[in-house]
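Turn these sequences into a full structure, and let the hints steer you where they fit.
What follows is the residue order along each chain.
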Amino acid sequence: MEIDDHLFRREAGRLVAALTRVFGVGNLALAEDVVQDAFCRALEVWPIRGMPDNPAAWLMATARHRAIDVIRRERTARTFAPDVVRVLEHGGTIDPIVDEAFAGAVIRDEQLRMMFSCCHPRLAEDVQIALVLNVLCGFGASEIAAAFLVGRAAMEKRIARGKHALASEGHLFDLADADFTTRLTSVRRALYLLFNEGYHGASGETTVRADLCADALRLARLLGEYPPAATPETDALIALMCLHAARLPARVDETGNLQALVDHDRSQWDRALVEEGLARLERSAAGTILTAWHLEAAIAAAHAAAANAASTDWALVVSLYDRLFAIAPSPVVALNRAIAIGQRDGADCGLAALDGITDRDRLARYPFYEAAAGELELKAGHPDAARERFAAALAVARNAGERRFLERRHAACARTGT
Amino acid sequence: MSEFVLLFRSTPEGQRAAMGTPERAQQSLQTWLAWIRRLETQGHLKSRGQPLDPVGKVVRKGAITDGPYAESKDLVLGFLIVDARDLDEAARLAADCPIAEHGGSVEVRPVGAIAT
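In order, the protein sequences belong to chains A and B.
Taking this note's numbering as reference, the numbering of the first sequence is continuous, increasing by one, and the terminal residue is 418.
Taking this note's numbering as reference, the numbering of the second sequence is continuous, increasing by one, and the terminal residue is 116.
Hints in this document: simulated from the structure, not taken from any laboratory.
Where a beta carbon is used, it is the ideal one built from N, C-alpha and C, also for glycine.
Don't take each hint at face value.
[Stated by the list, open to error] Simulated restraints on C-beta separations:
{"#": "1", "chain 1": "A", "residue 1": "A167", "chain 2": "B", "residue 2": "K61", "range": "22 to 32 angstroms"}
{"#": "2", "chain 1": "B", "residue 1": "A34", "chain 2": "A", "residue 2": "T206", "range": "21 to 31 angstroms"}
{"#": "3", "chain 1": "A", "residue 1": "T93", "chain 2": "B", "residue 2": "I64", "range": "26 to 36 angstroms"}
{"#": "4", "chain 1": "B", "residue 1": "I64", "chain 2": "A", "residue 2": "E169", "range": "39 to 49 angstroms"}
{"#": "5", "chain 1": "A", "residue 1": "A160", "chain 2": "B", "residue 2": "S105", "range": "31 to 41 angstroms"}
{"#": "6", "chain 1": "B", "residue 1": "V76", "chain 2": "A", "residue 2": "R221", "range": "14 to 24 angstroms"}
{"#": "7", "chain 1": "B", "residue 1": "K61", "chain 2": "A", "residue 2": "A29", "range": "25 to 35 angstroms"}
{"#": "8", "chain 1": "B", "residue 1": "Q30", "chain 2": "A", "residue 2": "E205", "range": "14 to 24 angstroms"}
{"#": "9", "chain 1": "A", "residue 1": "T206", "chain 2": "B", "residue 2": "V76", "range": "33 to 43 angstroms"}
{"#": "10", "chain 1": "B", "residue 1": "T11", "chain 2": "A", "residue 2": "A279", "range": "47 to 57 angstroms"}
{"#": "11", "chain 1": "A", "residue 1": "E282", "chain 2": "B", "residue 2": "A95", "range": "56 to 66 angstroms"}
{"#": "12", "chain 1": "A", "residue 1": "I3", "chain 2": "B", "residue 2": "T11", "range": "20 to 30 angstroms"}
[As the list claims (entries may be wrong)] Covered by chain A, according to a simulated footprint, are these stretches of chain B (three or more residues, beta-carbon under 8 angstroms):
{"#": "13", "segment": "12-19"}
{"#": "14", "segment": "41-51"}
{"#": "15", "segment": "76-84"}
{"#": "16", "segment": "99-112"}
Here's what the structure looks like:
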């Protein structure tokens, strides 16, 4: 019998959140130990006895049992959550409190509270993201370090700093808190950055990066299930995640080579995610606010509506990039706008738009600026200029996949040139 | 065909190492399941045996101690029973058991034949 992909990672996040409800946030490390014990037990029992019918429920029952043991054994040594302390003082049984923590709706709310706590505005965004990945998504420090191209020791320190801040709050964020809306903004921002790291990040491990995208989407959907958090802005965020994640299966071809968006075999796009994205995008239009996420999702929807690059409504794409640039100007947005102009008006216009990017020096370490220029030069019939631009892009390639992709493009110029 | 008991032994450290992160734990588990499935499809799996809880007592003359943790760093995690032609084949079956990856071992013991 097969196990679901990432069962343990997903359950780690859920179980730690539930256990924190009874242990208190000051005992986060204890919650993590209990989860690890439950996993150890699974590793000892499942191979020999066979897989349980419901592995997630098995892990939960094991963690619950162990939590009750730990509370009984360490009742004098530790301070658990106030509810538990009260019951212990009156000599009552803690079983119902522990059971409650593992109930479906409660476990979801505890994950949300954990998510909101991890995104405390006092914490730097990179710490928030590391915490979300470690505590809620079950990634180890070394795995997060690899995804962000950071040393393991530095990542461990970053996570420890975040956990210390979590513990010093004394309790998890209260979803009824007056700061809910402000904190919701930080949470969405962290999930957006997490998704982007997966989608655009520098790590060469495509599987790791797809995992980051999937986890960001899973947590964003969790937000969307909670009515006070399910605002049009949240819908826009989920829409853009779905519409981009839908493309992931086509991003590398069968030989493991990166594919440019215009060359994607769009039959490989995940239709279910496209549909979900389009439905979310429609719902996101309910309010009066238009955010950058609305526009990013709308651009992705324009691509999803076309069977291929040639039949894309590039005029619409350019106008959406114009509006996006107006509310969220950035050199990357300007770069994508220039590429769309190249498609709408021809390569020379695209090159002019590229040259017109005022702060393009900020793209100096981003290989896809020079690569875009190379594509446009090639299309304009200047293979020598194109070759130089691809060589410049190669010099700043961030991983083996990008390098292979750019080498192929570089070689394509030579063929056209002769 | 004769029956052999495979006794899985590991250390608490070895178990922790096999666990590492949740993702590593899942990989370890998948490797285990694949190994056992191989025994099964090749017709060697006689009985699934039992896992053993890592707690208990060790009883000797005049003393009962908590164990086996207190006694031994080398813990029996559980056992399986396999069918094999001889001890050599049974040992070959155990050779690629994933428990070895993290310092564990498999003890292969023939089930004693009773002369009738």
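Q) Which hints from the list above does the structure break, by number from lowest to highest? A) Hints 1, 6, 7 and 16 not satisfied by this model.
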